[in-house]
Amino acid sequence: MSLSNTDVRKVARLARLAMNETEIETARAQLSGIFNLIAEMQAVDTTGIEPMSHAQDVSQRLREDKVTETNQREAFQAIAPQTEAGLYLVPQVIE
59 MSLSNTDVRK
69 VARLARLAMN
79 ETEIETARAQ
89 LSGIFNLIAE
99 MQAVDTTGIE
109 PMSHAQDVSQ
119 RLREDKVTET
129 NQREAFQAIA
139 PQTEAGLYLV
149 PQVIE
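Numbers in our numbering are just positions in the sequence shown, counted from 1, shifted up by 58.
Everything labelled a hint here was simulated from the structure, so no lab data went into it.
Be careful, since some hints might not be right.
Stated by the list, open to error - Label pairs and their computed distance ranges (CB to CB):
hint, residue 1, residue 2, range
1, Gln100, Ser62, 15 to 23 Å
2, Glu122, Gly144, 25 to 33 Å
3, Glu127, Leu75, 52 to 60 Å
4, Ala113, Gly91, 42 to 50 Å
Yeah, the Cβ is synthetic: ideal placement off N, Cα and C, and Gly gets one too.
Given only the sequences and the hints, what does the whole structure look like? Please build it.
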């Protein structure tokens with residue numbers, strides 16, 4: 059797939075990028091190269107190949123899902139400047 063400078067200008071405008079003509083030409087060449095690489099990769103026959111998430115057949119060891127910390131809410135809230143009904147009160151930052 060080849061891109062034109064008009065295509066690159068349109069993408070740059072959508073991305074809110076200010077690009078001069080030299081940058082547009084450079085971006086067009088780079089994007090065209092990327093699209094050509096994608097076209098080459100899509101041409102490879104992948105029938106019979108299972109999708110995979112990792113190059114090696116590995117699985118992650120998972121720990122048992124259990125609580126390991128004690129509830130220290132009262133201790134933490136005791137040193138807080140303001141709390142109410144178990145919640146921290148903070149100053150309003152957005153008007």
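Using the Cβ atoms, figure out if Glu127 sits within 52 to 60 Å of Leu75. violated, 46 Å
Taking the Cβ atom of Ala113 and the Cβ atom of Gly91, is their distance within the range 42 to 50 Å? violated, 25 Å
CB of Glu122 to CB of Gly144, is that within 25 to 33 Å? holds, 28 Å
Given a hinted range of 15 to 23 Å, is it respected by the beta-carbon distance of Gln100 and Ser62? holds, 22 Å
Of the numbered hints given earlier, the model fails hints 3, 4; all others are met.
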